[in-house]
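Hints given; two lone chains; assemble the complex.
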Amino acid sequence: MKIPLSYSIRNLWTRRLTTVITATGMALVVFVFAAILMLVQGLQQTLVQTGSEDNLIVIRRASGSEVQSSVDRYQASIVEADPAVSIGTDGERFLVKEIVVLITLQKKGGSGPSSVTIRGVTEKSLKLRPQVKLIRGRLPNAGSTEIMVGQSVLRRFDGVAMGESLRFGTRDWTVVGVFDAGNSGFNSEIWGDSDQLMQAFRRPAYSSILFRLRDHNEFDDVKARLQSDPRLTVDIKREVRYYEEQSEMMAKFLRILGISITVIFSLGAIIGAMITMYTSVANRVGEIGTLRALGFQRASILGAFLVEALLLGLAGGLAGLISASLMRFISISTVNFQTFSELEFSFALNLEIVSLALAFSLIMGFIGGVLPAIRASRMNIVDALRES
Amino acid sequence: MYVLKILFKNALRHKLRTTLTVVGITIAILAFGLLRTVITTWYMGVEASAANRLWTRNSVSLIFPLPIAYKDKIRQVEGVKSVSHATWFGGIYIDEKNFFAQFAVEPKTYMEAFSEYYTPPEQKAALLRDRKGAVAGRKLAQRYGWKIGDTIILKGTIYPGNWEFVLRGIYEGTRKDADETVFFFHWDYLNETLKKTSPGREDLVGSFIVITKSPDIVADVAQRIDSLFKNSLAETLTETEKAFVLGFISMSDTIITAIELVSFVVIAIILAVVANTMAMTARERIGEYAILKTLGFGWFKIGGLIFGESMIITMMGCAFGIGLTFPIADAFGEAMGQYFPAFNVTLETIYMDIAASILVGLLAAIIPSWHAITTPVADGLRRIG
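Protein sequences appear in the order of chains A and B.
If you use this note's numbering, the first sequence corresponds to residues 454 to 841, in order.
If you use this note's numbering, the second sequence corresponds to residues 592 to 976, in order.
Bound-form chain B, shown alone (with noise of 0.2 Å):
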């Protein structure tokens, strides 16, 4: 107890500059909590991924669709309990910035399949009776305004033309990290207009989403729909929802890299300002350490004030820190909404943010303390100021 009254007098003595350490170790803690923020937000599609969830596309590339006909055929494998598909839709909600994801959908499996979409029972059914009806994620329909019954007008870029859709439900997700940012409808419109508009391009979907019956059979059942249409026109590569969600992120893995690098560069600014701080309070004191080892103080005493005192300093910037990051994420959230689907700060992040501190608080003492306790008794007296 004592020795927490001397260390908070002695961070105290100079309040200014304490006062503004502070607040520097405090917008470090910030910026470095949003940025590790980015980072898991961009893996959170890995951490939500079901794992008797596999994703059938074209072997070729995403781009390449696979025939309708196929369904029934991957029905048939052996595990399957059920089959979906989803086409990438890529249309325009009257302009270009305002991106969000949208899929053509067999509605009544495709529900069925992402369990974590909680549709009410009545809004499923105005759904299914509609065959221009759509349900968009509540984030989406919050960002835009949508209110059920509204008619949603998308260009496709795709497939040519305006697309008239009308709003039958909005979605919830039933877990924390699931993208309530989706919009998808009845790919049989989508269907039948292109039977009429572009003959040659019906009957074909995106990419199927098998479910298994239970989640240690998957490999195997990638393999057997994988093989049965081995030397076809459409070949197929069958991957698990989580290695499909990777696959994405590892196209734009260098920009993750260089968010992550950032954030530590911020941990190395704020290095810089409490080791510069502590640097000049022991340099200040020299003279008390000289009295405290004249007394009998070990060295270990007064490596311990100043450590304790950095500690002090850089816990109470952590404390401020943390706690400001949670409304500041909500309103970040709330602006990058656009190209996150949701942003929330994990309890990982968390200790990430006390371990950053903790860390800076030990190395920002390290040398300061060498000086205190190398510094001679005599050398430490002579000085002055």
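So here's chain A without its partners, still in its complex pose (with noise of 0.2 Å):
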């Protein structure tokens, strides 16, 4: 015979301050444990959506990322002469040679300097990345001192607003359009004419090579053709896992950080479970002992009383997650440390978080009262009885 699911409710109910400051503490830990997840997510999210699977980015061996990265003239050349760069209708090359350099901007409120990309493009940039579109202005006139800022960058940094200008390089940078480039890290850049940018720095070589695979299966071939060659010192990578590489380090940060103190945290909501679920069961001792001469089976007790533990930590799981979840709207802006330069993401929540955060929650409550729960179904009838 089972005890009615209404029995535990209402004993929470009954006792509403503690299970509701029990459940604060729970709710707490899973709102951390569920916020960290999505940070990572988002990252990985942003930087994975900046990529795009056909295109294929070409730095210079073993230099990791772009800004370590250059590749010069010859070399660039020779790259793009390689048959399995895609070709458009009109006969040109989907291939182009940026430059990407830090230059450092003040941040709004005078919260101190941090590095910004700047990306030196060719009007093939933008074809080959569909998700950056203009909102507002025009583009960068080829061979003029002229930039767009990424929306984030004029989000957050001085002096970038629309007709404003830069000084670096020796020379005044006019902001005339403001581009939008969905959820990926191009939003955090700033983009201008790669000629003119590699004259104003002084650099003889680009950064970085992209273009457009012509089949999407000749990835391989490519790779051992170019990495072969002996005029080149060069590595080749889908740019999407360019882009998850970059994300590595910061991700795994996030994720020791996060799982360690969750795991500290949740040790403190357990033992917040079990006192409650402790004091619960010796305060009902007599109606523990009723039950069992009702006729209630000893594993009945011991299934009501973890029951509503496992409700105890379903309400804390849902009330963190449900806090959690409004973390979505917030953005957050940090410096990528493997890049060094400033990149924007926001709070990710998949169906994956979900799961493991009420996981979570519910594994907290039944470790916070199982022993409560077995120590409830020990009890002895007449001396239960007796107690109260």
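One or more hints might be untrue.
What the hints assert, rightly or not - For lysine to any residue, the following SDA-like pairs were computed, each having C-alpha atoms within a straight-line distance of at most 25 Å:
| id | chain 1 | residue 1 | chain 2 | residue 2 |
| --- | --- | --- | --- | --- |
| 1 | A | Lys577 | A | Gln559 |
| 2 | B | Lys787 | A | Leu685 |
| 3 | B | Lys833 | A | Gln559 |
| 4 | B | Lys787 | B | Arg720 |
| 5 | B | Lys833 | A | Ile717 |
| 6 | B | Lys786 | A | Ala658 |
| 7 | B | Lys804 | B | Lys786 |
| 8 | B | Lys746 | A | Arg514 |
| 9 | A | Lys586 | A | Ser786 |
| 10 | B | Lys833 | A | Val788 |
| 11 | B | Lys786 | A | Ala515 |
These are calculated hints, taken from the structure and not from any lab test.
Laid out in structure tokens, this is it:
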């Protein structure tokens, strides 16, 4: 014979203050747990969406990222002549040679300087990255000292509004446009004319070469061909994979920090649940005796108390998850240690995180409730009845 | 004395519950202490910065170098005592995850500028004799098991190729907050190799380290240096070391804010646990409080009993937590050596631990005391259990 579910629910309801306090503790833990998972997810989503599966990026061998890489004009022309580069209807190759450098800008609200990626592009850069769309002003004219800024750069830095100009490389650069790159990392970049930027920074070499693959399956061939060419010292990667690697160190750091924090925190919350459940059992010794006398089995008593603990955990989990899901409206910007430039990303929630967080809260409830529930089920009928 | 005895007896009435609560507080204080230590470690570079050290770098951004010719020009600036330089090397040791700071420097002036790094004189002499020589911090050498005379090969990311160094010295920090994870070597070695392998990249350095004659004139000296190179191809930006380090920190301030926030969340969690314990305790004893009130004890005494018990429980947890913080911080610092150069628990952290526990102890007792005091005597006596 089973004890009805309403018995457990009503017990929690009777001790509202205690239930609310305990569930709050758990909710906080679940909140931190879910928020950190969401942060890592958001970071990876942003960087993965930055790349495209059919685009290949060529950088100097062992340089790790575009900022450190340099590919000189001779090597660039060898890559450009490769037959695997997709050719458009007008006979032009879908290939851009870009320069990527960092400049220091002041953050809004006087919170100090930070590094921003500035990318020297050509008009084909936009064709290779369809997610980048101009939303205000116009594109910079080729061969001029004009730049356009990503939306999140505009939002977070001083002196980059339309019509304003930045001074670097002994020149003034006027902002003529603002672009939106969806959820990708390009939002945290400034784009200008690649030849002008190379001149301004006195760089004889490109940072990277990006091209679209003629045929999706040709990647391995191209990679083998270019990397074995004795004239080239380059690494070649799919753009998606490249950006995924850029996020690895940060994602790992966040994950280690997050997991160790939540494990420690959950110990606190489990103890809270245990205290609540032990008291709940101690206060109801007479009641438990009566239930046993009425013919409920030990297993049913055990079940009822476990259900109570699980409900407690679930309440905390739901509350934590709901508050964590509100974090989706907040976007975070920080320096990516690997590229050393600012990157904006937001918290992203997916089904996996929801189920992980709920499972986590149920586990906390279970661990907190199992010992008290066993104590309740082990009670001797006569002793229990005498106690009240 | 008598009051303390009552408080202890009360606290130990439910041994299991009290033990669990104390364990909970211990864990929370431990977590709080570790998180605070992470934050102070982050800011440690600021504390360790010397007042008379200036950093001169390219005004566009750190990734752009400055010509080595600037060195002599800077040395002539009024108020400058000595000039050294350092160039970020960014090599990979065996695997990408073995990250540590590597600088190509002019060893003689660099070791003078960073007086907090102590290298034994004979090791210093050996380094100066060997162009491929390098010096590593004590902790770094320990992490990879390097001994003097070992050959270390770094794979360059900024400067292509495999670079071979011979470890000639191991420096120790003379102060507790000195960074003992830096690896530095002859800039000449880098420069001579670059002349051969990538012409056009030679004779450039990352930043200059300027020592001023006194700490009071740093602002003037910085301005003089920057105005010297105004409108040149490589304009400079000269900052005090403190501002330079703070600039790095401000880049990652979102993460620090998050950790800071989380460290308060753990206090909130433990507040919930203690408040719960106190609420249950007070509820069980409503009858007793009613009897005490009948006997003529004032609200002050009854409130005092609850507050006192709450404080005793929290302070016990606090003491255990602080006691455990030190060994665990050591272990944590060892495991996370890659991210944190030194991991020391500061006195300030301990004060914050104590402040947080007092706060939790007081806040947790408010509602139960309020209930105990406001429940009328008759109601209290009528309640059983």
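The hints, checked one at a time:
Annotation: proposed proximity of Lys577 (chain A) to Gln559 (chain A) is violated, straight-line Cα distance about 30 Å (limit 25 Å). About 18 Å separates the Cα atoms of Lys787 (chain B) and Leu685 (chain A), which keeps this hinted pair within 25 Å; it holds. Note on Lys833 (chain B) and Gln559 (chain A): the hinted pairing holds, with a Cα-Cα distance of about 17 Å set against a maximum of 25 Å. Proposed proximity of Lys787 (chain B) and Arg720 (chain B) is supported: the alpha carbons are some 22 Å apart, at most 25 Å.
Proximity of Lys833 (chain B) to Ile717 (chain A) is assessed by CA-CA distance (about 34 Å); at most 25 Å being required, the pair is judged violated. Restraint check: the Cα-Cα separation between Lys786 (chain B) and Ala658 (chain A) comes to about 17 Å, which is no more than 25 Å; the hinted pair holds. The suggested pairing of Lys804 (chain B) with Lys786 (chain B) is violated, with an alpha-carbon distance near 35 Å, which exceeds 25 Å. For the given pair, Lys746 (chain B) sits about 11 Å from Arg514 (chain A) by alpha-carbon distance, which is consistent with the 25 Å threshold.
Simply put, Lys586 (chain A) and Ser786 (chain A) have alpha-carbon atoms about 21 Å apart, close enough for the 25 Å limit, and the pair holds. With a C-alpha separation of about 19 Å, the suggested pairing of Lys833 (chain B) with Val788 (chain A) holds against the 25 Å cut-off. The suggested pairing of Lys786 (chain B) with Ala515 (chain A) holds, with an alpha-carbon distance near 20 Å, which does not exceed 25 Å.
Against the hints set out earlier in the document, violations occur for numbers 1, 5, 7.
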